[in-house]
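Novice: For the sequence shown, the positions run 1 to 138 when my numbering is used.
Just so you know, these hints were derived from the structure itself, not from any lab.
Worth double-checking, as some hints may not be accurate.
[Stated by the list, open to error] Under the rule of at most 20 Å between Cα atoms (straight-line distance), these lysine to aspartate or glutamate pairs were calculated in the EDC-like manner:
no., residue 1, residue 2
1, 8, 48
2, 8, 95
3, 118, 95
4, 127, 95
5, 127, 110
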Amino acid sequence: MCIRDRHKPIIMGYRTWLSLGRRPLHDRYNLVLGRECKEDKKALVEIDESPQKLLWRALNVSDEVVIIGGTKVYSAFHHICTRLYITHIHHTFKEANVFHDAFCRHKLQDMWYCKSSKEIKKSKYNKYDLSLCIYERW
């Protein structure tokens with residue numbers, strides 16, 4: 001399968017990449033912001049320390065790029081995003097050590113409007129209540 005036939009490219013931080021076990025997400029062009037290792041062409045992973053270079057590579061594949069985290073990656077790209085797909089989990093996690101404050105619901109309202117929202121109740125498939133939201137810039 002050609003890279004142009006795959007799903008949208010994704011950009012993630014190095015720690016997110018490590019949390020995935022250094023395995024790419026299936027059928028995606030995986031781009032990692034970091035400098036700890038080199039490209040892995042078999043795994044469809046490219047690693048670079050330049051956000052601009054990663055974005056350029058991703059936009060050569062698709063007109064929409066997915067940013068999946070972490071905090072440094074969100075900080076590098078949130079100012080150019082035009083749409084946000086955010087899952088708000090209605091729970092406080094004591095063990096969580098990273099949270100991007102710019103994506104709090106009350107702060108999003110300053111620059112974004114909620115185009116759609118779907119509330120999902122806790123179930124056997126979801127451990128917590130959550131909201132799936134799509135935001136677009138004002």
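Novice: If a hint holds in the structure, say so; if it doesn't, say that too.
Specialist: A quick look at each hint next to the structure:
1. 8 to 48: 18 Å, holds
2. 8 to 95: Outside the cut-off at roughly 31 Å; violated.
3. 118 to 95: 26 Å, violated
4. 127 to 95: 16 Å, holds
5. 127 to 110: Distance of about 30 Å is beyond 20 Å: violated.
The structure is inconsistent with the numbered hints 2, 3, 5, although it conforms to all the rest.
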